[in-house]
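Take the given structure of chain Y and dock chains P and H to it, following the hints.
Residue numbers (the working numbering), protein chains in the order written: chain Y, 2 to 300; chain P, 2 to 309; chain H, 268 to 678.
Incorrect hints may appear among the rest.
Claimed, not checked - Reference excerpt, derived from the structure (chain P facing chain Y, CB under 8 Å, subset only):
#1 T140
#2 F147
#3 G284
The set of hints was computed from the structure by calculation and includes no laboratory data.
Owing to the predicted nature of the structure, the values given are computational and were not obtained by experimental measurement.
Backbone N, C-alpha and C define an ideal beta-carbon position, used for all residues, glycine too.
What follows is each chain in one-letter form.
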Amino acid sequence: MERAAPRRRNSLFKNISAKIAAIPMAFTALVVFLGGTIWTVVYSFTNSKLLPRLNFVGFDQYTRLWSTPRWLVSVENLAIYGVLSLIFSLVIGFILAVAMDQKIRFENTFRTIFLYPFALSFIVTGLVWQWLLNPDLGVQHIVRSLGYTSFTFDPLYNADIVIYGVLIAGLWQGTGLIMVLMLAGLRGIDEEIWRAARVDGIPTWKTYVFIIIPMMRPVFVTTLVLIGSGIIKVYDLIVAQTGGGPGGASEVPAKYVYDLMFYSQNLGQGFAASTMMLVSVIVIVVPWAYFEFSGRKAR
Amino acid sequence: MTAISSTNTNLGTSTGAEPRGAKPKKAFSRRNIIIYGTLVVAAVYYILPLYVMIVTSLKGMPEIRLGNIFAPPVQITFEPWVKAWSQACTGLNCDGLSRGFWNSVIITVPSVIISIAVASLNGYMLANWRFKGADLFFTILIVGAFIPYQVMLYPMVIILRDLGVYGTLQGLIIVHTVFGMPILTLLFRNYFTALPEELFKAARVDGAGFWNIYFRIMLPISLPIFVVAMIIQITGIWNDFLFGVVFTKPDTYPMTVQLNNIVNSVQGVKEYNVNMAATLITGLVPLIVYFVSGKLFVRGIAAGAVKG
Amino acid sequence: MNIRSLAAALAASVTLSVGAAQATDLEVTHWWTSGGEAAAVAELAKAFDATGNHWVDGAIAGGGDVARPIMISRITGGDPMGATQFNTGRQADELVEAGLMQDVTEVAKAEGWDKIINPPSLYKSCVKDGKWYCVPINIHSWQWMWMNNAVFEKIGKPVPKNWDEFVADVPELQKAGIIPLAVGGQAWQSNGLFGVLQVALGGVDLWKKVNVDKDAKFAAGPEMLKIFKAAAQAREWSKDTKVQDWNQATNMVITGKAAAQIMGDWAQGEFAVAGKVAGKDYTCLPGLGVNEIISTGGDSFYFPKQKDPEKTKAQMVLAKTLLDKKTQVAFNLKKGSLPVRGDVDLASANDCMKKGLEILKKGNVLPDGNQTLSPDTTGQLQDVIDKFWHDFSITPEEAQKQYAAIIAKAD
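Just chain Y, same shape as in the assembly (with noise of 0.2 Å):
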């Protein structure tokens, strides 16, 4: 970094503002990111407990790590709900966002109420959803006082179908923001290409599918980055409304850190946990953010 960009006429001197105002970033870069980050893999090779210590176990967190069932299922479920939580965000926003760009009336209501559960934080989410999912209070209740005696729908207490209890508030919280985002990127498109596009005679569906979804890759890009990052995280949303359970059964795995860390008081676990979460996103979103923002653009 000490060498100017060749591409510009850039002198040494002249970068030198520029240089000074990257200081916070690389400051949290490599201090805060990295570093918590290196600190975080070389204490989980300890022992701590409630306190981080240097006293080195080998790889005995890691060996304990992945034979204890609940981390397992906490893995599995994130792989899950992931998925499904990345298919279904980026479909559902999709369309909404090309429904709402047909020139409709009433798209402001409509998309402030897309967009007003991104407002509220995950605690409320959950606990929202927990009450209308509640088979004696929410929707099953109130199927079964229509008459329909036999209708079950009580997710959050079904460890099979746990996870997608949960799910649908995930959704609901953050599709709205996906949505948004979407259809700024559908208006983004030129209207030139939908003049190409009819003259030639292709289907809507097909101009959408081949012609305007490619064209729309950086906002991909951005949601991706948005609900995976999200995905990762989930924590708030899990505790508020399922607590983890029933039985353990939509325990995620950064809930598993933070109760390994917090109320087992075995730093030396949650960091073994966290590492591997680090890991996998780094064997994941590494290669991908370098080859999507690295060099130059072609401007």
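Frame of chain Y, contents of chains P and H only:
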């Protein structure tokens, strides 16, 4: 992406918030029924919880016990709202959410301003003043977006302690700036990258420097993206509980701590009406920001935030 | 007005070695936020304010799991509060070892804490190398079952006097559409219940072999299997409890939706709030009526080290105040817990509390799981029981195997 985004930008970035789809036809065409049908069904899913929250917050406890959470209140009462705002207890302090409101404002305003200022500079730099290693920093930042906050709690405590700002407002601002940086930087970077390069080049030819271009040229045309960033940050910081409670003291607890205390208290009978009222009150600030800036929000993103 | 004059009166009545001339603010963090709990904290605050200092309340709701990380972060971050709650046990051991906690031996010696705290097992976790680092302030026992009398009247049976009679009534209860046993969904509730079953059905020796001696072989043996089988029955009876929080489960007992709940003595506060009278509206069975015993869990206060000597002085005053006779009575009556000193008079205690006091006097006490097992082990055992409780495909034998494996590695 390169070829497409270049055509894209060349064709013009000054796109407004106008719908771009096919032109509408008759009012009751099959197409319209499908579109409005989809929107209305989706709207029900989104609005149902809000409806339940509002309705519940206006009921008395006896009515809530009857069980039908969808029924409108028979007798409307504003008691829960009053209680949530000024009477609900947090331990010994029984002055409800009002206690934390100004604390939240004091925390949110500088945190939002500083985190956005820093991130916009990052984005500007990454778009127009790249130096070697900048990509590396940026990649680390993007990875950082995926790190759960809870994992960073310990390192953050240590860093702030060593900087000597633990437990101060400055410390809290640093925390919000750090954790807001990845997404915001991505947004600003994409926005500035999508601006016509000629703008920047012309300024360079005129001999303008880093700060000059930022303040004189970039800032004035970036209002929309600042609105987007503001919305994301206000929502995030206003709703933050973890950092707010770890890095403050009882006298300066933000509103979310009171909200948590009201909602999470294991009291005799859960006062759902007060919980819901408290929830709505706490969410009011971000909600108002949305209503006020909703159009700007979409325009902000439309105007280039999502082009890379 | 009243409070102020009361405070003045209290201040006059409490004579202190440390001059009350200087008012020092002391921030106290805790997770007591429910109605009854807050009222109990108010008693502590009142007593402390009466010494001329000022209690700055730092309540954090959501229970210890939410509050503890915050407390630990602040202590290690160099921004310690004046005093903080932890559960009596091993939760703060490392903070003490790291030298982050104030030594209060001076007060303990002057007041003779080792003589007045009863049972003595309570203060063991406060004393390290002969020095005192915390003060236990109450006793909470898990070993209770709470029953709604009206429910049993409805099925035409007398209220059970022990677990076996209760078991015999279960079919009738189910026929009447009543949930026999209310158990909230959170993991600690089923785990706590399992501990109570161990003591009540297996006896104190069984509990000690598993939880104190950590005898893995015994934990895998036939005596323990019986407990797991009883738990398997109990999970069947509780499966219709569709609530999360313990107090919501208690509320099901209060309203007659469920017949009974196995829960610590804090459940009593819920009955009190609902205006129910012990003995008349509800019945409490210590040790499920089989082994009458009190487990001595509870809360202790710790005093993180301060830079300001004035604050340290105020900490000493607070430590002394917390164990003051009057404070102990006022606090524990509101909290529904038992006082840590045997020499106070609780004339106004209700039936259930009196039962507890009597058992305490007889010396039928057990340490709490928090004192014998590390939080890590507790967490692992809790995961096993929680899963067993909700996943009916896990047999008692399978659960026992996992349980014993954790006991083998317990610390």
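Going through the numbered hints above, which ones does this structure break? Give me the numbers in ascending order. none
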